[in-house]
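Asks: Okay, here's what each chain looks like letter by letter:
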Amino acid sequence: MKIKMPLLFTMLGVPFSVAMAQDKVVAPSPSSRTSLDLYEQPGATQSARQISVSEAGLPLAIQATQTGYYKVAIAGRDYWLRGMQVRVHRATNAGCTTSVVAATGATIATPGAGKDACN
Amino acid sequence: MHAINLSVLPWRQMQLGAMSTLLALLMGCESIPKNLKELPLVNTFTSEQPSPKADLPPPIERSWPDSNQDVLNQRARGFGLVNSPELGRYLNGLYGRIKTQAGVPAWPGGVHILASDALQAYATGAGNIYVSLPWVTGAESEDEIVAVLSHEFGHIYLHYHQLEGAVADADTATGWLSIGVAIANKTANATGWTQVDSLMTAYGLGRGLVTTVYGRSQESAADSFGLNVSLKLGYSYEHGMKVFLERMASWEEVNEQREKDKNEKILQYMRQQAKDNAAKKSPKANNAVSQSLNEFSGELSGNMASAFQQVIFDINNASKNVRGDHPPIVERIDALAVALEPFPELQADQAAVVKPLKSTLQAKRTAELVANYGFAFKAISAPNSPTAMQLARKSTTGITAKHAVPLFALYTVLNEQQPAANRKKVDAGQVLEANFSSEPDRAWITYQERSSKLKDVRQIPEAKKVMGMGLAYFQNAEEAWPQAIRFYGETQGWDEAKRLAQNCGKNFRRVSVRCTQAATSPDEAATAERKSKEKADQITKKWFKTP
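Just so you know, the sequences run in chain order H and W. So in my numbering, spot 46 of the first sequence is number 46, and the numbers just go up one at a time. So in my numbering, spot 132 of the second sequence is number 251, and the numbers just go up one at a time.
Just so you know, these hints were derived from the structure itself, not from any lab. Cβ coordinates follow ideal geometry from the N, Cα and C atoms, glycine included. A portion of the hints provided could be inaccurate.
No farther apart than 35 Å at their CA atoms in a straight line, the calculated lysine-lysine pairs in the DSBU-like style are these [unchecked claim]:
| id | chain 1 | residue 1 | chain 2 | residue 2 |
| --- | --- | --- | --- | --- |
| 1 | W | K497 | W | K617 |
| 2 | W | K584 | W | K617 |
| 3 | W | K521 | W | K474 |
| 4 | W | K497 | W | K544 |
| 5 | H | K24 | W | K650 |
| 6 | W | K474 | H | K24 |
| 7 | W | K513 | W | K477 |
| 8 | H | K24 | W | K172 |
| 9 | W | K543 | W | K583 |
| 10 | W | K654 | W | K625 |
| 11 | H | K24 | W | K381 |
| 12 | W | K497 | W | K381 |
| 13 | W | K483 | H | K24 |
| 14 | H | K24 | W | K497 |
| 15 | W | K572 | H | K24 |
| 16 | W | K654 | W | K379 |
| 17 | W | K381 | W | K574 |
| 18 | W | K521 | W | K477 |
| 19 | W | K497 | W | K379 |
| 20 | W | K172 | W | K384 |
| 21 | W | K384 | H | K24 |
| 22 | W | K351 | H | K24 |
| 23 | W | K521 | W | K584 |
| 24 | W | K477 | W | K543 |
| 25 | W | K650 | W | K381 |
| 26 | W | K572 | W | K583 |
Across the chosen pairs, the derived CB separations fall in these ranges [stated by the list, open to error]:
| id | chain 1 | residue 1 | chain 2 | residue 2 | range |
| --- | --- | --- | --- | --- | --- |
| 27 | H | S31 | W | A501 | 37 to 43 Å |
| 28 | W | E378 | H | Q22 | 16 to 22 Å |
| 29 | W | N622 | H | S32 | 54 to 60 Å |
| 30 | H | Q22 | W | K654 | 48 to 54 Å |
| 31 | H | S31 | W | S170 | 19 to 25 Å |
| 32 | H | E40 | W | R208 | 43 to 49 Å |
| 33 | W | D185 | H | Q50 | 54 to 60 Å |
| 34 | W | P559 | H | E40 | 53 to 59 Å |
| 35 | W | D468 | H | Q50 | 15 to 21 Å |
| 36 | H | Q22 | W | K384 | 21 to 27 Å |
Quick look at which bits of chain W chain H covers, simulated, 3 or more residues with Cβ under 8 Å [said to hold, decoys possible]:
| id | segment |
| --- | --- |
| 37 | 233-241 |
| 38 | 357-366 |
| 39 | 487-501 |
Input sequences plus hints: build the corresponding full structure.
Replies: Given below as structure tokens:
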């Protein structure tokens, strides 16, 4: 099985398990989705079963990833969820150190993708 | 702080009333919405979620601001930019493909890396995209990087920078409310808000609402644009736009918690301060009954002030959803997911493109640069820690020896940590001067900090020399001027500062107000503050019936 590792953690020598432990499935995607398909194996043609979102017990820690799938434990059993069906909380290596030391104030540019949430 | 009388002051109603009144005034001001109405695209590309396979709207002709001057200006903000030719080449290669896919390969501008540890990205009207280091080093794949860049390019392609003019005009139109801002600036400190601060809240809400409709629609449009272009380039939604938005949502959650913790500390401080003030007011109250009464009264007052503060926080938090120019990120993820539903082929499992990004980040020079910035960020965040000096020194070696962030880390640690008993304290500011000697690494902050500290210890000629060198290089960067004008006011007199402010206003309209403010002498500032207070008292007496 090919496991994708976040580059930053590789580079900084942080154990992969730590990085994985920080990522978790937090909600269905889109939010209006009411059920989730559970798979025995990633890439399986048919889902093993379907459960309601409320049954899933979100959030769920991600144990492993494979293209398009996340391995999670639901009710004591391991399943694979389709990545497209869920929203994931993702770790970030960002901080607010530089913003505190050298606050830049309102940008004169368009705010863009990451308005400085530190200010 | 004015006395709070809950029996005559229904605070929530009063704040809402004040806000409603001012909002009505603001929104009724013809000049503001008129400008916004004239801006294109508000109701075109964004009225409904476009198909991810749709053709892009045709590019809009425009005149381009000078791209190099724009870059220089960004180097005068915060810690400036990270000089990394290798990383820059990789990112600009991706940007070139995005432009080509959008049919505008010859458009100007490039990608530049912000020397910031926050998750930040923005685009300017000059065609430049600025992304902070963590967006690049924390990305899991090239799909994610392309998503960020495509989104940002969406702002440029859709001509979002027209909003800058609208915001400036809105500020001018609401200039009559500057009194409210002045009051709030004076009073919104750690001792708590006064009722007058609701004016500031109203101002903020009004100004925000003016730009919100346009801003929000543009964010959604940029998402749709980013999805469209990144899919056409062969990248996946799941590893690209979805991960990009999920990471941003997670980052904002972390920051919301940080903000909550900060607010809680302020509330605790206010409660304690009110209690202490009550005790000070009646120091002679030496019998147990009156002392406990005073303390109770102080605590009550503190709790009331805290409650008021909490109301303001609640309003601010609630208003974020109303006035934020970014729609809630979950809504953005949902919108893209829904847009993809009719296209199963676009949701098929597809491996992320990892190798090119990984190779770039693992290349020797880039890996060293990223590691050294990591050391520097750590040292700045905890300059008193036992390992801070070692980290800071390591960060200023090799490829980053003259970069502003590592040098600032070492400067900060040297300032914070006392020298050993037998050693003389060094002039920490000297380390910043290494940045002056390396043209591509220069950041305005090093000149500003060095000249300011030299001025503080009365080494005026040396301070002027540093400022002169800085301005010689950054004179076309508008962001440098407000600080430079303040410096010359303090060292060469306020007439000179005013002369410079006039030139600044002529050359750089966007910072004209800041330049004028920077040229205000302490005496003038004190007079203005006194007048503001008098007016504030009049307003509060009239509006809030305080004694």
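Asks: If a hint holds in the structure, say so; if it doesn't, say that too.
Replies: Hint by hint, here is what the structure shows:
no., hint, verdict
1, W:K497 to W:K617, "violated (40 Å)"
2, W:K584 to W:K617, "holds (20 Å)"
3, W:K521 to W:K474, "holds (30 Å)"
4, W:K497 to W:K544, "holds (23 Å)"
5, H:K24 to W:K650, "violated (55 Å)"
6, W:K474 to H:K24, "holds (24 Å)"
7, W:K513 to W:K477, "holds (24 Å)"
8, H:K24 to W:K172, "holds (31 Å)"
9, W:K543 to W:K583, "holds (26 Å)"
10, W:K654 to W:K625, "holds (31 Å)"
11, H:K24 to W:K381, "holds (26 Å)"
12, W:K497 to W:K381, "holds (21 Å)"
13, W:K483 to H:K24, "holds (32 Å)"
14, H:K24 to W:K497, "holds (26 Å)"
15, W:K572 to H:K24, "violated (47 Å)"
16, W:K654 to W:K379, "holds (33 Å)"
17, W:K381 to W:K574, "holds (33 Å)"
18, W:K521 to W:K477, "holds (26 Å)"
19, W:K497 to W:K379, "holds (23 Å)"
20, W:K172 to W:K384, "violated (50 Å)"
21, W:K384 to H:K24, "holds (30 Å)"
22, W:K351 to H:K24, "holds (29 Å)"
23, W:K521 to W:K584, "holds (20 Å)"
24, W:K477 to W:K543, "violated (46 Å)"
25, W:K650 to W:K381, "holds (32 Å)"
26, W:K572 to W:K583, "holds (11 Å)"
27, H:S31 to W:A501: 37 to 43 Å, "holds (38 Å)"
28, W:E378 to H:Q22: 16 to 22 Å, "holds (21 Å)"
29, W:N622 to H:S32: 54 to 60 Å, "holds (56 Å)"
30, H:Q22 to W:K654: 48 to 54 Å, "holds (51 Å)"
31, H:S31 to W:S170: 19 to 25 Å, "holds (21 Å)"
32, H:E40 to W:R208: 43 to 49 Å, "holds (44 Å)"
33, W:D185 to H:Q50: 54 to 60 Å, "holds (57 Å)"
34, W:P559 to H:E40: 53 to 59 Å, "holds (55 Å)"
35, W:D468 to H:Q50: 15 to 21 Å, "holds (19 Å)"
36, H:Q22 to W:K384: 21 to 27 Å, "holds (26 Å)"
37, 233-241, "holds (count 8)"
38, 357-366, "holds (count 6)"
39, 487-501, "holds (count 6)"
Figure legend: structure checked against the earlier numbered hints; hints not met, in rising order: 1, 5, 15, 20 and 24.
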